[in-house]
Amino acid sequence: MKIATWNVNSIRTRLPHLQAWLTASKPDVALLQELKCTAEEFPIAALQGAGYEATVLGQKTWNGVAILTRQDAPKPQLTADHLNLPDNPLDARYIEGQVGDWRFASVYVPNGQSLDSEKFSYKLRFLKALEERLCTLMASELPVVVGGDFNIAPAADDVYAPSRFGDDVLYALPVRQAWRRLINQGWIDGLRLQHPHQQLFTWWDYRGNAWPAGHGCRIDHLLLSPTAANRLRAAGVDSDQRALEQPSDHAPVWVELA
DNA sequence: ATGGTAGGCTCCCTA
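Residue numbers (the working numbering): 130 to 387.
You can trust all of the hints, since none of them are fake.
Pairs of lysine-lysine, DSS-like flavour, derived with a Cα cap of 25 Å:
id : residue 1 : residue 2
1  : Lys155    : Lys204
2  : Lys131    : Lys155
3  : Lys204    : Lys131
4  : Lys248    : Lys189
To be clear, the hints were calculated from the coordinates, so they are not data collected in a lab.
Using the sequences and the accompanying hints, generate a full structural model.
Here it is in structure tokens:
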């Protein structure tokens, strides 16, 4: 079973790449972020043509998350479409569904903009609400995969120049501490477990020639519950997606589970 | 230290 996560940065703009990637990569489950469209605008027919069904949480202009599953598999039963955040429940940033014994979630954590901004405190509040939801999922003892754009580079190996990232919203101490609180619940970082020493990036800024310069960060993750992690056989990043014309600034990340 | 590009949408915001 292959599970992937990909921040597509507009599913309508990225549709040709997404279709080709689904056909070539054949994930059983694809967790998508930054759809930037409503559920009505979601290009469902094109994805059905590629052999997939979609469970969509859309929003005009911003955010938007989805769970793609193969047409020959049952569609997920929706188990959550938001986190318990009293102040900003309208952002389409979290969707979760059950397929058989398995639970899958697609999450798009706020970027945070800058450390002194209101958006950064929102990011920390969102991560707190995510921590609470993941605690419930961990206690369920189900096999769970939580994938998404966490907007967190967990460690120095996960940014191209750690000395420049001390007060970056992707790497600042409170953000790495929030990551640590998730991991300490017992979640396994699938890509890092499979590649303990290799520097692997999943996002390269559109600005500043970041892709050709190799200036990336690892901010997209697949968190595995213990029973899911026991089945981990392979993991990787489809970084060739970032080299295409009109790419997303993120590359797909995947795990293969026995 | 600053600004760079992309996407969606509207004279600008988010990333």
